[in-house]
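K.L.:
Chains as they are written, first to last, in the numbering used here: chain A, 1 to 223; chain B, 1 to 223.
These are calculated hints, taken from the structure and not from any lab test.
Check each hint, because a few of them may be wrong.
One copy or two, either will do: identical chains are not told apart, so a pair holds if it fits within one copy or between any two.
Claimed, not checked - Keeping only pairs whose Cα atoms sit at most 35 angstroms apart, straight-line, the calculated DSBU-like set for lysine-lysine is: (1) LYS85 with LYS112; (2) LYS32 with LYS111; (3) LYS98 with LYS213; (4) LYS111 with LYS98; (5) LYS111 with LYS85; (6) LYS98 with LYS112; (7) LYS156 with LYS213; (8) LYS85 with LYS98.
Protein chains: 2
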Amino acid sequence: MTDVSGLTIGILGGTGDQGKGLARRFALAGLKVLIGSRSAGRAQEAADSLGAGAGAGAGVVGAENAVVAAEADLVIVAVPYDGHKTLLESLAPQLAGKIVVDCVNPLGFDKKGAYALAVEEGSAAQQAAAVLPDSRVVAAFHHVSAVVLLDPAVEKVDLDVLVLGEDREATDTVQALAGLIPGVRGVYGGRLRNAFQVEALTANIISVNRRYKAHAGIRITDI
Amino acid sequence: MTDVSGLTIGILGGTGDQGKGLARRFALAGLKVLIGSRSAGRAQEAADSLGAGAGAGAGVVGAENAVVAAEADLVIVAVPYDGHKTLLESLAPQLAGKIVVDCVNPLGFDKKGAYALAVEEGSAAQQAAAVLPDSRVVAAFHHVSAVVLLDPAVEKVDLDVLVLGEDREATDTVQALAGLIPGVRGVYGGRLRNAFQVEALTANIISVNRRYKAHAGIRITDI
């Protein structure tokens, strides 16, 4: 399996729960993590909160998104879908040549729950690939529960992370990265043209969570 | 859990592998199963093949799709996507008032593998609901492996069946039906507007099968 132990991981939108949860788990695994935000101050607050509250602070630093994009070896995009395209367009030079892991779920919400939003490019991941032609875009980490990632009582996370992309070395790297979270397997899940349904499945998982009062994830059987 | 032991299950397109596999498992669970096809002769051949080859023949009978739709209590739609809409339109009178379980995956295939087809109504299940306004349409059984269902060596199937629909009694019934297959759980997976991604996820499962040489399925964790 690919060695990812020396990587510095940047997380754009790392002050949100999903980004912060991933930051915590990667820092616990010994990686250096850079939390990005529009505001360097809020990014540093999020980094500090992981140190104080969750025992993962030493390796976590906060900075503006552009600084994080420039300094990290591999960049995770955990921003809200609204603003996703604009942010990535603005960071294309910093992200060139890097693996960019999109974990954005384009969802709408109404009284009946969550539903998938149509995306002109096909999916958030394909939108990232379209605006970052010089990056290696991978889709992954869509179904992680931020609550579970942030919960110090949860040592092992019961989840397979589907990893999609066109570039075998890049998907192998992200599978290995997912595997650093105890309990998690990174599983190759196909090409980016099949990313929409993986992103959209988060709406179904939210329905499961409501019906069963759970923090559901998925596992792939027979592998 | 809903009692489904007295139901007669009809399977439209039951001569295909997916339909035949489900027929086998429901017959083994003691249900009466009607296999439907355009040709009554081919339907009866499929029914006979289950009896001779797989020990499940006593409760399986073949007939034309229209006869099956009329006589069954609950009807599973396991036809190819091509022709799906036309067939259901033609059977709307026979299917009125019944639970109709759509397990059709609208997929295309090319050199790069499988991909999801766009469906005007949103998904195959929503297309069924549109042409069957007097039926109770449920989406389920998308990710079953026909090979596994038909394999006498596989006693327990390692799979959760996501069950989607608008009608609680109908989804409860189909969850119970899924639960008749040893190892399988029927899990509520949301409303029909979120069916597209469940159907389309079959393309990802095909990618998993190719990469890992598996007959992959999914499990939902934390429930």
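K.L.:
Could you run down the list of hints and mark each one as holding or not?
P.N.:
Going down the list of hints, with the structure as the test:
In the homo-oligomer, the alpha carbons of LYS85 and LYS112 lie at most 35 angstroms apart both inside one protomer (27 angstroms) and across protomers (27 angstroms), since each shortest distance falls under that limit. In this assembly of identical chains, the alpha carbons of LYS32 and LYS111 never lie at most 35 angstroms apart, being 41 angstroms within a copy and 40 angstroms across copies at closest. In the homo-oligomer, the alpha carbons of LYS98 and LYS213 lie at most 35 angstroms apart only across protomers (30 angstroms), although the nearest pairing inside one protomer, at 38 angstroms, exceeds that limit. Proximity of LYS111 to LYS98 under the C-alpha cut-off of 35 angstroms is restricted to the inter-copy arrangement: shortest distance 28 angstroms between copies versus 40 angstroms within a copy.
In the homo-oligomer, the alpha carbons of LYS111 and LYS85 lie at most 35 angstroms apart both inside one protomer (27 angstroms) and across protomers (30 angstroms), since each shortest distance falls under that limit. In this assembly of identical chains, the alpha carbons of LYS98 and LYS112 lie at most 35 angstroms apart only when taken from different copies (24 angstroms versus 39 angstroms within one copy). Both within a single protomer and between protomers do LYS156 and LYS213 lie at most 35 angstroms apart by alpha-carbon distance, with minima of 19 angstroms and 27 angstroms respectively. For the homomeric pair LYS85 and LYS98, the shortest alpha-carbon distance inside one copy (17 angstroms) is at most 35 angstroms, but the shortest distance between copies (45 angstroms) is not.
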